[in-house]
Amino acid sequence: MKRPTIADVARRAGVSKGAVSYALNGQPGVSEATRQRILAIAAEIGFSPSSAARALSGATARAIGLILARPAQTLGIEPFFMELISGVEAELSARSYALTLQVVADADAEIAVYRRWWGERRVDGVLVCDLRTDDQRVPVLEELRLPAVVIGGPTGTGRLASVWSNDAAALVETVEYLYALGHRRVARVAGLPDLLHTTIRTQAFTEVCQRLGLAEAVVASTDYTGEEGARATRRLLSSRIRPTAVIYDNDVMAIAGLSVAQEMGLAVPTDLSIVAWDDSPLCRLVHPPLTAVGRDIPAYGAHAARQLLQLIEGAPATDLEDEQAHLTPRGSTGPPGVGA
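Everything in the sequence shown is counted per the UniProt record's numbering, starting at 1 for the first residue and increasing by one.
Hint data in this document are derived by calculation from the structure and do not stem from the laboratory.
The structure displayed is predicted, hence computed values, not measured ones.
Treat the hints loosely; a few may be bogus.
Quick list of in silico lysine to any residue cross-link-like pairs, SDA-like style, CA-CA up to 25 angstroms [to be verified]:
| id | residue 1 | residue 2 |
| --- | --- | --- |
| 1 | Lys17 | Thr5 |
| 2 | Lys17 | Arg145 |
| 3 | Lys17 | Leu39 |
| 4 | Lys17 | Thr133 |
| 5 | Lys17 | Arg116 |
| 6 | Lys17 | Arg35 |
| 7 | Lys17 | Ser31 |
| 8 | Lys17 | Ala43 |
| 9 | Lys17 | Pro28 |
| 10 | Lys17 | Gly29 |
| 11 | Lys17 | Arg37 |
| 12 | Lys17 | Ile6 |
| 13 | Lys17 | Glu120 |
| 14 | Lys17 | Ala61 |
| 15 | Lys17 | Glu44 |
| 16 | Lys17 | Ala7 |
| 17 | Lys17 | Thr60 |
| 18 | Lys17 | Glu143 |
| 19 | Lys17 | Ala40 |
| 20 | Lys17 | Glu32 |
| 21 | Lys17 | Val30 |
| 22 | Lys17 | Thr34 |
| 23 | Lys17 | Gln36 |
| 24 | Lys17 | Ile45 |
| 25 | Lys17 | Arg115 |
| 26 | Lys17 | Ala33 |
Now the in silico label distances, taken between C-beta atoms and shown as ranges [as the list claims (entries may be wrong)]:
| id | residue 1 | residue 2 | range |
| --- | --- | --- | --- |
| 27 | Gly18 | Asp319 | 42 to 48 angstroms |
| 28 | Ser31 | Ser86 | 28 to 34 angstroms |
| 29 | Ala180 | Ser96 | 33 to 39 angstroms |
| 30 | Pro139 | Ser238 | 18 to 24 angstroms |
| 31 | Ser93 | Gly337 | 48 to 54 angstroms |
| 32 | Ser221 | Arg242 | 15 to 21 angstroms |
For each residue, glycine too, the CB sits at the ideal point set by N, CA and C.
Could you build all of it, start to finish, from the sequences and the hints given here?
This is the structure we're talking about:
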């Protein structure tokens, strides 16, 4: 997990460390062509001019980074990330480590921050969330040799360590529960379709519905917001073949779906059963309280942070399968009523 140093830049450029220092600090002593070549090499390996002193001393940052490429307003209302961060912080504070958190617009911006943080010695490692299919961040982090733990998986993580939970099994458990209640028209309001965990859940949903003969099963993709969850619910409940049960990919959308059902005059659970993913206090505060798929999210965050700290200390990169989420039935699910 060696960080890039001024010596690495000098070796690649075929010049002395003094020449690199001149080039990085804008001082005379090297030609313009050499300066540009040195700057390009420094950018390529993630070395920043401001990091020279720390690189030479071998100092550590005593901090780990977490970058979230989601709208800030979404993060403010979604309990999952707040609970995850609370678990991460609990583990870090016990080891006198800090958490550096940044919200960015997209994956390209996220990669740019990784390069800057690693080059400037801002962090000793990072936690990676929202793993995507063919995620471009994974090969970049491997190239930088930046210690990283992916919260997600089990596939698509390359050589990076990961902490993951079996979403497919939890999704199958949920559909089988609704089937046992008598539901034959089940829908799912999913999150962002390019996220790997969304793909895993969608595949599991499709396969279990085919196995159970649920021919009317349908998936609607959203962006996790309450607004999109409400729109998707209105479309589903206004369709010619209305579902009798809907599974939502987060609690915020499930609560929005409950409001839409009530707005349309449908009784929950008689006319419509609702299941939320990622149980939270919000699920227990509404009426009726929501049946939910949940796990100990703060513990999930703590396990990821602990694994990253071990990696920073030199342990090999390994994968950890965390606790599987399980269904907690509440008042929002029941057998479909007559005529539903």
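Unsatisfied constraints (hint numbers, rising)
4, 28, 29, 30
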